[in-house]
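K.L.:
Chains U and P, in that order, give the protein sequences.
If you're matching positions, the first sequence starts at 7 in this note's numbering and goes up one per residue.
If you're matching positions, the second sequence starts at 7 in this note's numbering and goes up one per residue.
Treat each hint with caution, since some may be false.
Per the computed footprint, the stretches of chain P lying under chain U, defined by three or more beta-carbons under 8 Å from a beta-carbon of chain U, are [what the hints assert, rightly or not]: (1) 69-76; (2) 118-129; (3) 132-140; (4) 144-158; (5) 218-227.
Among chain U residues calculated to face chain P with C-beta under 8 Å, some are [unchecked claim]: (6) D50; (7) G66; (8) L130; (9) T133; (10) L215; (11) S216; (12) V220; (13) S221; (14) N223.
These are computed hints drawn from the structure, not numbers from a lab.
Backbone N, C-alpha and C fix where the C-beta goes; we use that ideal spot for every residue, glycine too.
Number of protein chains: 2
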Amino acid sequence: MIKPNMATMLAFAATDAAVAQPLLQRLLSEAAESSFNRITVDGDTSTNDACVLVATGESGVEVLENTPLFEKFSRAVKELMLTLALAIVRDGEGATKLVTISVEQAQSAEEALQVAYTVAHSPLVKTALFASDPNWGRILAAVGRAGIEQLDIDSLQIYLGDVCIVERGGRAASYTEEQGQRVMDLEEILIRILLNRGDHDERVWTTDLSQDYVSINADYRS
Amino acid sequence: MIKPNMATMLAFAATDAAVAQPLLQRLLSEAAESSFNRITVDGDTSTNDACVLVATGESGVEVLENTPLFEKFSRAVKELMLTLALAIVRDGEGATKLVTISVEQAQSAEEALQVAYTVAHSPLVKTALFASDPNWGRILAAVGRAGIEQLDIDSLQIYLGDVCIVERGGRAASYTEEQGQRVMDLEEILIRILLNRGDHDERVWTTDLSQDYVSINADYRS
Chain U
7 MIKPNMATML
17 AFAATDAAVA
27 QPLLQRLLSE
37 AAESSFNRIT
47 VDGDTSTNDA
57 CVLVATGESG
67 VEVLENTPLF
77 EKFSRAVKEL
87 MLTLALAIVR
97 DGEGATKLVT
107 ISVEQAQSAE
117 EALQVAYTVA
127 HSPLVKTALF
137 ASDPNWGRIL
147 AAVGRAGIEQ
157 LDIDSLQIYL
167 GDVCIVERGG
177 RAASYTEEQG
187 QRVMDLEEIL
197 IRILLNRGDH
207 DERVWTTDLS
217 QDYVSINADY
227 RS
Chain P
7 MIKPNMATML
17 AFAATDAAVA
27 QPLLQRLLSE
37 AAESSFNRIT
47 VDGDTSTNDA
57 CVLVATGESG
67 VEVLENTPLF
77 EKFSRAVKEL
87 MLTLALAIVR
97 DGEGATKLVT
107 ISVEQAQSAE
117 EALQVAYTVA
127 HSPLVKTALF
137 ASDPNWGRIL
147 AAVGRAGIEQ
157 LDIDSLQIYL
167 GDVCIVERGG
177 RAASYTEEQG
187 QRVMDLEEIL
197 IRILLNRGDH
207 DERVWTTDLS
217 QDYVSINADY
227 RS
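Can you make the complete structure from the sequences, with help from the hints?
P.N.:
See below:
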């Protein structure tokens, strides 16, 4: 049950910097949007969640908008939130892999996320990930059923890590299964899907689907 | 990999009645729409499928539009297609249950299907079905995240078979777990979701999610 928006999670972060409340709130929203709100284990969400960022000002260091210090502070907060979010994914029910799905060159952020979540939630993609199988056909099929209108299958590319596995509507000419296997054997896997139809990029993080996922979510009462 | 639209399936049906091709085609489309195109095991679709209906006319019995005989013939074809479609669901990877999800009183057919498929594809609902657990919270949570605007949680009702499990936004007052357990122990389960906001009804058929589903889809190469 992990697809925060938010999910069953309580996140608390604190800084001793002095940051005005409206600025801190805006930063928190951005940081949560690109971290906790981009992770999914199974697509199921919860009714309970919270993400809190507190600035005590104890250090006396004031962080003001549109300053180099704010940029640095902002990056630090976003890295912290992402680190926490990825820890949730790694701890997903029965998870053996941490999978980054990066959809690039989409016409809009919504389109990129639609493809990313369709792939992230595909049980066939997730079981192939569990099997460490570089199954390019399952990934391509999930992209194809994501509901993107007039998607040109011939111009998209899919990479496993730095290995191009799909181009021109099928398996990449240069691809060998040994290359794909090398990436799939890792515990952290990057799937890049280049749609070649715009300049919007989005990424989500997810896990594989194992027998343990089923056991944890089916045997909880016994 | 079963959510025909169509899926990896070849369906062939034949009759010795004489039926004009355009009429037969229209009937086949309707019959496929309410049978093969309403089943889903995991939401993943395939690129290959076909459903063929042949009328040889060998019997010399002509079936004409807008006649009682056509009504009877039409019912028979639809029952046949649904029987075949449900056989596919029963044979789904690792399936132990045949689950009917009936969404009623929706504002549109699209809305009803949106709720039905969200529930049908929810890994948490599916693992609870595998566990034979009358987990009303998981069903209600899936309805809640289906993306229906201005859904009034207080006026919807959810039934397991003939047992009301959810009303007024929570567990039904009359509900006892023994009642729910009696339904969930069956191999064929009906989940009825009454949205109370329109007059469109749709149903889809699905299965539970078991460890065997994962094994079949992850261990296929070993």
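K.L.:
Now look at each hint and say whether the structure bears it out.
P.N.:
For each hint, the structure was consulted:
1. Counting residues of the region 69-76 of chain P whose beta-carbon sits less than 8 Å from any beta-carbon of chain U gives 0, not enough to reach three: the coverage restraint is violated.
2. Taking a C-beta to C-beta cut-off of 8 Å, the region 118-129 of chain P contributes 3 residues in contact with chain U, enough for the three needed, and the coverage statement holds.
3. Given a C-beta distance limit of less than 8 Å, the hint that chain U covers the region 132-140 of chain P holds, as 5 residues qualify and 3 suffice.
4. Under the rule that three or more residues need a Cβ within less than 8 Å of chain U, the assignment of the region 144-158 of chain P holds, with 5 such residues.
5. Only residues whose beta carbon comes within less than 8 Å of a beta carbon in chain U count, and the region 218-227 of chain P has 8; three or more means the coverage holds.
6. Taken as an interface hint, U/D50 checks out: its beta carbon lies about 4 Å from the nearest beta carbon of chain P, inside 8 Å.
7. The interface hint given for U/G66 is violated, since its Cβ lies 44 Å from the closest Cβ of chain P, which is over the 8 Å cut-off.
8. With a cut of 8 Å, the hint placing U/L130 at the interface with chain P holds, because the nearest CB-to-CB distance is about 4 Å.
9. The closest approach between the C-beta of U/T133 and any C-beta of chain P is roughly 4 Å, which is under the 8 Å cut-off, so the hint is satisfied.
10. The beta carbon of U/L215 is positioned within 8 Å of a beta carbon in chain P (closest approach about 6 Å), and the interface hint is therefore held.
11. For U/S216, the shortest C-beta to C-beta distance to chain P is roughly 6 Å, which falls under 8 Å, so the interface hint holds.
12. Contact between U/V220 and chain P, as hinted, is supported at the beta carbon level, the nearest pair being about 5 Å apart and thus within 8 Å.
13. The beta carbon of U/S221 is positioned within 8 Å of a beta carbon in chain P (closest approach about 6 Å), and the interface hint is therefore held.
14. Satisfaction of the interface hint for U/N223 is found here, the shortest Cβ-Cβ separation to chain P being roughly 4 Å, below the 8 Å cut-off.
The structure is inconsistent with the numbered hints 1 and 7, although it conforms to all the rest.
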